[in-house]
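Top to bottom, those sequences are chains A and B. According to the working numbering, the residues represented by the first sequence are 1 to 585, in order. According to the working numbering, the residues represented by the second sequence are 586 to 1170, in order.
The hints are simulated quantities; they were obtained by calculation from the structure and are not laboratory data. We put the CB at the ideal spot given by N, CA and C, even for glycine. Where hints are given, some of them may not hold.
[Stated by the list, open to error] A short, non-exhaustive set of chain A residues, derived as facing chain B with CB atoms under 7 Å:
| hint | residue |
| --- | --- |
| 1 | Phe28 |
| 2 | Gly212 |
| 3 | Ile229 |
[As the list claims (entries may be wrong)] Lysine to aspartate or glutamate pairs mimicking DMTMM-like chemistry, simulated, CA-CA at most 20 Å apart:
| hint | chain 1 | residue 1 | chain 2 | residue 2 |
| --- | --- | --- | --- | --- |
| 4 | B | Lys895 | A | Glu184 |
| 5 | B | Lys766 | A | Glu3 |
| 6 | A | Lys34 | B | Asp811 |
| 7 | A | Lys4 | B | Asp763 |
| 8 | B | Lys776 | A | Glu305 |
| 9 | A | Lys181 | B | Asp592 |
| 10 | A | Lys191 | B | Asp763 |
| 11 | B | Lys598 | A | Asp204 |
| 12 | A | Lys13 | B | Glu743 |
| 13 | B | Lys835 | B | Asp811 |
| 14 | B | Lys599 | A | Asp204 |
| 15 | A | Lys156 | B | Glu743 |
| 16 | B | Lys835 | A | Asp254 |
2 protein chains.
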Amino acid sequence: MLEKYIDAATRRKKADLVLKNATFVDVFTGVLRKGDIAIADEKIVGTGEYEGETEIDCTNLTVVPGYIDGHVHIESSQLSPEEFASLIVPRGTTTIIADPHEITNVCGMAGCEYIAKASENVPLDVKIQLPSCVPATPFETSGAILAGKDVEKNIKNEYIFGLGEFMNYPGIVYSDPDTLKKAEAAHAAGKIIDGHAPAVYGYDLNGYLCAGISTDHECVTKAEIDEKISKGMYVHIRHGSSTQNLGNAKYITDGNMRRFLLCTDDRHAADLKEKGHLDDALRKLVANGLDPIRAVICATLNAAECYNLKWRGAIAPFYLADLVVVDNLKSFNAKYVIKSGKTVAKDGIPLFDTSKRYLPKNVLNTVHLKREMRADDFILTLKGKKAKAMTIEPGGVVTGCEVVEVESKNGDVVVEGTDLLKLAVVERHKCTGNIGKALFKGYGFKGGALGITIAHDSHNIILMGDDNESMAKAANRLKEIGGGMVIVERGAVISGEAEKSPRYEYKIYSLTLDIAGLMSSRDAESLQADSRALIEKAHAMGVKREYEAFMSLAFLSLAVIPKLKVTDAGLFDVEKFAFTDINEE
Amino acid sequence: MLEKYIDAATRRKKADLVLKNATFVDVFTGVLRKGDIAIADEKIVGTGEYEGETEIDCTNLTVVPGYIDGHVHIESSQLSPEEFASLIVPRGTTTIIADPHEITNVCGMAGCEYIAKASENVPLDVKIQLPSCVPATPFETSGAILAGKDVEKNIKNEYIFGLGEFMNYPGIVYSDPDTLKKAEAAHAAGKIIDGHAPAVYGYDLNGYLCAGISTDHECVTKAEIDEKISKGMYVHIRHGSSTQNLGNAKYITDGNMRRFLLCTDDRHAADLKEKGHLDDALRKLVANGLDPIRAVICATLNAAECYNLKWRGAIAPFYLADLVVVDNLKSFNAKYVIKSGKTVAKDGIPLFDTSKRYLPKNVLNTVHLKREMRADDFILTLKGKKAKAMTIEPGGVVTGCEVVEVESKNGDVVVEGTDLLKLAVVERHKCTGNIGKALFKGYGFKGGALGITIAHDSHNIILMGDDNESMAKAANRLKEIGGGMVIVERGAVISGEAEKSPRYEYKIYSLTLDIAGLMSSRDAESLQADSRALIEKAHAMGVKREYEAFMSLAFLSLAVIPKLKVTDAGLFDVEKFAFTDINEE
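Given these sequences and hints, build the entire structure.
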């Protein structure tokens, strides 16, 4: 094995591939260098003057190490790992630390295994973090539970790289035994633990870190970054679709430079396709004033060091030949992407088969209802004239709680003709029959229902509507298609009187997310076209443009982010960390 | 396990130990911070305001992480690991990467095991590198051979941390299969390989690095450092007794800062006792203008990163509580040393039992001769009037070759009355009876013989003298005492005529190095007193002050350093990498 590298390095034999006349980023000294980069098999073997069996002329081009995304949920793209790779590899990303938190909440370990196996077909190194918080809270029904003992068992798997973002910060700080068991199991297996600690400071942060947690991607202030880095955390600069903190790059100093890396966390297919992946982060970071070499170091060497990805993230002998040939360090347009010594993309086009899909049965058909839903399942009986209604704060994930005046009729709250809508979370994993109900104010939608099987973090069915029958039809359609997005539009009265037991015409529009109800096995382009059409339909039916028609819905069940949320088990006050009564005195 | 840390971190329970009111170096951001440092069991659990069961007031003192010596041969101190620790731990060193190259050349794997087990008794983490070059060359008889297959077997041992400095650079660059097998075995075991590549550049360096080698401690120029760091090596700044390159610190830049660490390589007991260990390096680096925080980072975090010593080398929650309380970042006088949460030294005095010795039989009595040596074993018959003689170049390890005029009498070269001395390497491991002979010019010694069982790298007996009988007696005494240093002084004629078969009075002075003939099981102080007396005796007998009486001798057999050397197998021309004839035309 070594002989071939050494023969090529010393020029006794031709290299397999040579990037000729390159300018390249030396991440170890932080300068640009010039020369040929020689590759044998999957390794860089040397820089200098080389001849290769294949040569790529890199005159006037710049070569950087392949990018490493330090924290990403592939599921947020709604794409299969294969299709995801086909979008990000041509952008220059060659390694990702993937936390399959969403699919594992639906499918359990089968979700992790699926992501791992599906990724074997593509030229992208996908390091799988075992999700640490399945379910995210005990106040909901998820498709799977990974208790301490389950983590103990599964963290040892060879394909598991580490333990995923530890969101259950109170569980650690208050020393919950089952929570600590998870961290202890990761340490026993010698595996890294990712963190997630928004606004955790001081002694709480000390306690949290005493579980041996290495990273945070939730920093928002200079003080937070300073404290977290000084206490040993690596800090991810995040370039997600909704949540971004690229501005944190301005807190990079000579002293703390090595502790910053890049991640995308949650990034939609449309952004990946139109704007890019880490290349887009690099472009924006440099446009905002970050030194381009530093930006590259964050995206490569720093991430490799953080995750102990030895021999990766640099252009040097014996390093993995993961390379991106870009036009310059301003545009970061990837002309060629080399993964493990093979040219896998050119001018943004993948050179690998993007049509393969690994699709095991245990991630398909994941919508299970106790029985067919009926209109009266969505009756919401209130005690009086006042009730709590959810709102969405600017930003899209934090919700508000507003006390509203309500009218009822036949034991059901009246939402038609108001700016209120019914919200329902229908349990879809264990056939419990659970339905959590709430009111939402100000979404704007009228005349039916919309629903989706992405509902963080347990991914039950979340529905919103002003018509019980529409909501039932929406749920039933989602079951029928095995998960996805749906709009039910109530049309004209087709029998009976409008005032008394009318029967309406209904139109149903849906899009299938066949993989766990979260992702599609289709190609990004056709999926997006259909998705856009469905989103436009929702807006046409009144959803305000300030909301992401379906994805805003998907966060209304996330019971770890303030203020008022709804799970399949009921209305939840996140600040009190307890269920709450919808009725107000 | 984690619960105790977290309880202390969050102040629910008292910490075990608190360093109160400390100023401390934050290696992650490169600044000084103030606060209490709380410790529970072996871990740092937090910084802030804390109470502890025990408290140490650190007002006006500065706390730094325990130092990590990136590359050291304990044997060079001539002390047992226990005694070595008793000298360096009170100086602030808490972790060393130890390469037992010398003792392994004598005792094989028993040498490695001995260093590992002896180190268990002391509060110093000793990470054992399996020596990669045993023997150093095929041109000598060593006590053991670690071929590729032996490395394959032993590198997997849990107590083996990595593969020691790979000195056989031609073996790699020319793809010698057995040499590559060693590197491949280290990679298969997931273990680091230390380098040793003096003046290796360009394509040779590329080839060398393609064996997956991580470090170098032999850099002497800016260009060399720049190339080696840019090609991925970590560079040790060395503070040995003879070989030092502290000046390399001036090549530290913002860009390459994280790739420098400190080591001592070979440091004598006297220097350890009188000047110090890495504390002395830090003192001198800072005196020479290196920023003190950077100096500390090199000695701590950088070394921890290089050797993947996770949770070590920083003052932060969950990091190992290896700490040094110093007076300031200029003097670096260690007031307290904390190892794994325990106070193990105060004001330079160890607080641990320094008298324990682990002494297994297989590292004792390691001098084995085929038979008792006789005077005529040291007859050196030359063909003519000219012969090659060794000299020592300034610096002490590079030798010269000078052609000298010689006289012979009774078939033996005459050295008495000349500035020549006989040099002999007597094989002492395998009872081969091998004696390599040479002439040395200009050492100054007269009237007997001196000898030592430290003779790099195979550590046979090396003798120098002007009297065959004295040389035989010296060898026999070294066998008798199981290794060490000896002086035989020829005195007055006690019978016969001075001109014809005289019998002389002989005085023998010796010092025992019972452990492998390399190290003593005694305490440093009494050993040094005796050692100093013996060295003074050698100088009194004429050894010039420019030489280290015994240690200069010890390098005359090191057949990898130019120019002329002698091994038990004969006179060796290092530049031709072949044996050579002592006779000149």
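Now the hints, each set against the structure:
This hint holds: Phe28 (chain A) has a C-beta 5 Å from the nearest C-beta of chain B, less than the 7 Å allowed. The restraint placing Gly212 (chain A) at the interface with chain B holds, with a minimum CB-CB distance near 5 Å, inside the 7 Å limit. Hint on Ile229 (chain A) holds. Least Cβ distance to chain B is approximately 5 Å, under the 7 Å limit. For the suggested pair Lys895 (chain B) and Glu184 (chain A), the alpha carbons sit about 15 Å apart, so the restraint of at most 20 Å is met.
Restraint check for Lys766 (chain B) and Glu3 (chain A): the C-alpha separation of about 10 Å stays at or below 20 Å, so the hint holds. The hinted pair formed by Lys34 (chain A) and Asp811 (chain B) meets the criterion: a straight-line CA distance of about 14 Å does not exceed 20 Å. Using a Cα cut-off of 20 Å, the hinted pair Lys4 (chain A) and Asp763 (chain B) holds, with the two alpha carbons roughly 15 Å apart. Taking the CA atoms of Lys776 (chain B) and Glu305 (chain A), the gap is near 16 Å; set against the 20 Å cutoff, the hint holds.
A hinted pair counts as satisfied when its Cα atoms are at most 20 Å apart, and Lys181 (chain A) with Asp592 (chain B) qualifies at roughly 15 Å. For the hint linking Lys191 (chain A) to Asp763 (chain B), the alpha-carbon distance of about 33 Å lies beyond 20 Å, and the restraint is violated. The hinted pair formed by Lys598 (chain B) and Asp204 (chain A) meets the criterion: a straight-line CA distance of about 14 Å does not exceed 20 Å. For the hint pairing Lys13 (chain A) with Glu743 (chain B), the CA-to-CA distance comes to about 38 Å; that exceeds 20 Å, so the pair is violated.
Taking the CA atoms of Lys835 (chain B) and Asp811 (chain B), the gap is about 12 Å. The hint holds against a cut of 20 Å. A distance of roughly 15 Å separates the Cα atoms of Lys599 (chain B) and Asp204 (chain A); the hinted pair therefore holds under the 20 Å criterion. Of the supplied pair hints, the one linking Lys156 (chain A) and Glu743 (chain B) holds, its CA atoms being roughly 19 Å apart against a limit of 20 Å. Of the pairs offered as hints, the one joining Lys835 (chain B) and Asp254 (chain A) holds, with about 17 Å between alpha carbons and a cut-off of 20 Å not exceeded.
When the structure is compared with the earlier hints, violations turn up for hints 10 and 12 and for no others.
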